[in-house]
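Protein chains: 2
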Amino acid sequence: MSRDITFLDNLNVDNKKLISRLISKVEENNSEHDEILSAIHKNTGNAYRIGITGPPGAGKSSITNQLVKLIVSKNKSVGIIAVDPTSPFSGGALLGDRVRMSEVGGMPGVYIRSMATRGSLGGLSHKTIDAADVLDAAGFDFVIFETVGVGQSELDIAQAADTTFVVLVPESGDAIQAMKAGLMEIADFFVMNKCDRPGFESAISALRTILMFKDHDENSWLPEIIKAVATENKGITEIFENIEKHRNYLDKHDLLIKNRKARSLNRIKDIVKDRINFELSDFYNQEKFLNAINEVVTGSLSPYQLAEQILKVYKDKK
Amino acid sequence: MSRDITFLDNLNVDNKKLISRLISKVEENNSEHDEILSAIHKNTGNAYRIGITGPPGAGKSSITNQLVKLIVSKNKSVGIIAVDPTSPFSGGALLGDRVRMSEVGGMPGVYIRSMATRGSLGGLSHKTIDAADVLDAAGFDFVIFETVGVGQSELDIAQAADTTFVVLVPESGDAIQAMKAGLMEIADFFVMNKCDRPGFESAISALRTILMFKDHDENSWLPEIIKAVATENKGITEIFENIEKHRNYLDKHDLLIKNRKARSLNRIKDIVKDRINFELSDFYNQEKFLNAINEVVTGSLSPYQLAEQILKVYKDKK
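Note that the protein sequences, when read in sequence, are chains A and B. Heads up: the first sequence at position 207 corresponds to 207 in the numbering used here, and the numbers run straight through without jumps. Heads up: the second sequence at position 6 corresponds to 6 in the numbering used here, and the numbers run straight through without jumps.
To be clear, the hints were calculated from the coordinates, so they are not data collected in a lab. Source: prediction; values computed, not measured. Any given hint might turn out to be false.
Unchecked claim - According to the in silico footprint, chain A covers these stretches of chain B (three or more CB under 8 angstroms from chain A):
id, region
1, 42 to 54
2, 68 to 81
Unchecked claim - Among chain A residues calculated to face chain B with C-beta under 7 angstroms, some are:
id, residue
3, V72
4, K76
5, L222
6, I225
7, V229
8, N233
9, K261
10, I271
11, P303
For each residue, glycine too, the CB sits at the ideal point set by N, CA and C.
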C-alpha cells in the first residue's frame with residue numbers, strides 16, 4: 001500500500017469493502033497501520049462522534065438501532081463501532097436482535113463494525129479510535145461507539161466521543177451506585193429506557209439526586225434524563241435532539257475543538273507509552289531481564305532500580 | 001535521608017510513626033521515593049498480601065474488621081491499606097463503623113492507612129503497592145488491601161495481592177452481572193456476606209452457575225463461596241482458613257513465587273511507562289507541543305506522526 005495511497009480516492013461511505021479492509025489492517029497493528037492512519041488523517045474531523053454506554057441489558061443496542069434509523073431518515077450517514085460483548089451488533093444477545101441489526105447494517109449509508117473487547121497491544125481505546133478515524137475519513141456524518149459500561153470501557157468511550165450518553169433501566173439501581181463516579185464524569189445525558197416498567201419515576205429521581213451533586217455554574221451543561229421505550233421507538237427523537245443540543249452547546253462555547261484537543265493529547269500520550277512498550281517487548285523476553293525479575297522477587301534488586309536500567313537500555317537503543 | 005538509611009534499623013510493626021512517615025514520603029513521589037523503596041526492598045517478600053474487594057455496601061470493612069481481630073488473636077501482625085472511598089477505614093460510611101475501625105487501628109501489631117482513590121502520577125496501583133512494601137519491610141505478617149470493586153480497582157488489587165477475595169451480598173445480582181468478567185479473573189474465593197437476609201441461597205446458586213464456566217482441570221484452584229454474617233462474626237474463621245488453604249495451594253504448586261514474578265513484571269512495566277511520561281511532562285507543556293496538537297486536530301499532522309516525533313525527542317534527551 002506504500003506504493004499507492006490512491007485508495008483514498010475510493011474511500012467513501014458506500015465502499016464498505018474498502019472500509020472493512022482498512023479497519024482490519026488498522027486493527028492488526030501491522031506495518032501499514034501508521035501509514036494508513038497518517039494518510040487518512042487530513043480527511044478526518046468531520047464526523048460527529050457519539051458514545052453510547054450503560055450496564056448490560058439496558059437496551060443500548062435497541063436504542064442504537066432506532067437512532068440509526070432516525071439518522072438515515074434524515075439523509076445522514078452513520079458508522080457504528082460496537083465494542084459491547086453483550087450487544088447483537090458484536091455477536092451477543094438474542095437472535096431476534098441480531099436480525100434487526102443486520103437489517104440496519106444493510107442500509108445504504110450505514111456501516112457496522114464489531115470489535116473485540118480484549119485488545120492486544122494498544123488496547124480497546126486505540127483500536128476504536130483508529131477505526132473511527134477510518135469511518136470519519138470515509139465521510140460518515142456520524143460515528144457511534146456502543147460499549148458496555150463496565151469498568152474502564154466507559155472512560156474509554158468518553159475518550160473517543162464528542163457526546164456520550166448512558167442508557168439505564170429502572171432496575172439499574174445497583175449499577176448506578178457502582179458506576180456513580182464514572183457516570184458523573186462521562187455522561188452528557190442519560191436515557192432511562194424501558195420507561196413502561198414500574199419504578200421508572202423513582203429511578204429517575206434517584207439519578208437526579210446524584211446529578212445534583214455535580215459542580216456547575218450558569219454556563220455549565222446540565223445532563224438531562226430522557227425517558228425512552230426503545231422497542232416502541234419512544235424517546236428516540238428526543239435523544240437525537242439532545243445530541244444536537246449538546247453539539248450546539250459545545251460549538252457555542254468553543255468546546256468542541258477544545259475537547260478534541262484534550263482527547264488528542266491523551267491519545268498521543270497513550271500511543272507513545274504503547275510504542276515504548278512495544279519497542280521494549282523484545283527486551284522483556286530476554287533471559288537477562290527474566291533473571292533480573294528473579295532478583296526483584298528475591299529482594300536483591302528493587303523494581304525501581306530495574307526500571308531505571310530498562311530506561312537506560314531504551315534510550316541507548318536507537 | 002540519603003545521608004542515613006539508618007531508619008531501617010528502627011522500622012518495625014510498632015513504630016507506627018516511622019511507618020506513616022515513610023508511606024507519606026513514598027506517596028508524595030518526591031526524590032526520596034525511589035531511594036526509600038530501593039533501601040527497604042531487601043526486607044520485603046515476607047508479608048502475605050490479601051486483597052478484599054466487592055461492590056459498595058457489601059460489608060467489606062466489617063469483614064476486614066473481624067478478620068483483623070482474628071489475626072491479632074493468633075498473635076500475628078497486620079497492616080491495612082484502605083483504598084475504598086466508601087469504607088470507614090478511609091473516612092466514608094457511618095460514624096459507628098468509624099469508631100469500630102479506630103478501635104482496631106489502635107491495637108498493637110495493627111496499622112491502618114487510607115489512601116486516595118484518584119492517584120496522580122503513577123495511579124492507585126503503584127502507591128498501594130509501594131505502601132505495602134513499606135508495611136512488608138516493617139515486618140507485618142499480613143498486608144490487607146481493601147478496595148471497592150468498581151472498574152479498574154479490582155484488577156489493581158489482584159495485581160497487588162497473593163490471595164484476593166470478593167465480598168458480595170444477596171442483593172448484589174446486578175453487580176455480579178456487571179463485574180462478571182472481572183470477578184472471574186480476580187477472585188480466589190467469594191464471601192457471601194449478610195447471609196441472614198432472604199435470597200442468599202439463590203444468590204449463591206447464581207454465583208455458582210457463573211463459576212461453572214471457569215476453565216479448570218484437576219490441579220486448578222476452585223473458588224469457594226463462603227457464607228458470612230460479619231456483624232455477628234459468623235464465617236470469619238472460615239475466611240481465614242480459606243486464605244491459608246489458598247496460600248498452601250500456591251506453595252504446593254510453586255505458584256506463590258511464580259505469581260509474584262508475574263506481578264513484578266507488570267509493576268516494572270508500569271513504572272517504566274510512568275517514568276517516561278513523567279520525563280516527558282515538561283515537553284508536553286511546551287508551546288511547541290501544544291501547537292503540534294493543534295495541527296493534529298486540524299488534520300495537518302497525524303497523531304502517529306506526532307508520537308514518532310515525541311519518541312525521537314525522548315531518545316535524544318539523556
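task: Please name the hints from earlier in the document that this structure breaks, with their numbers sorted from lowest to highest.
output: 2, 3, 4, 5, 6, 7, 8
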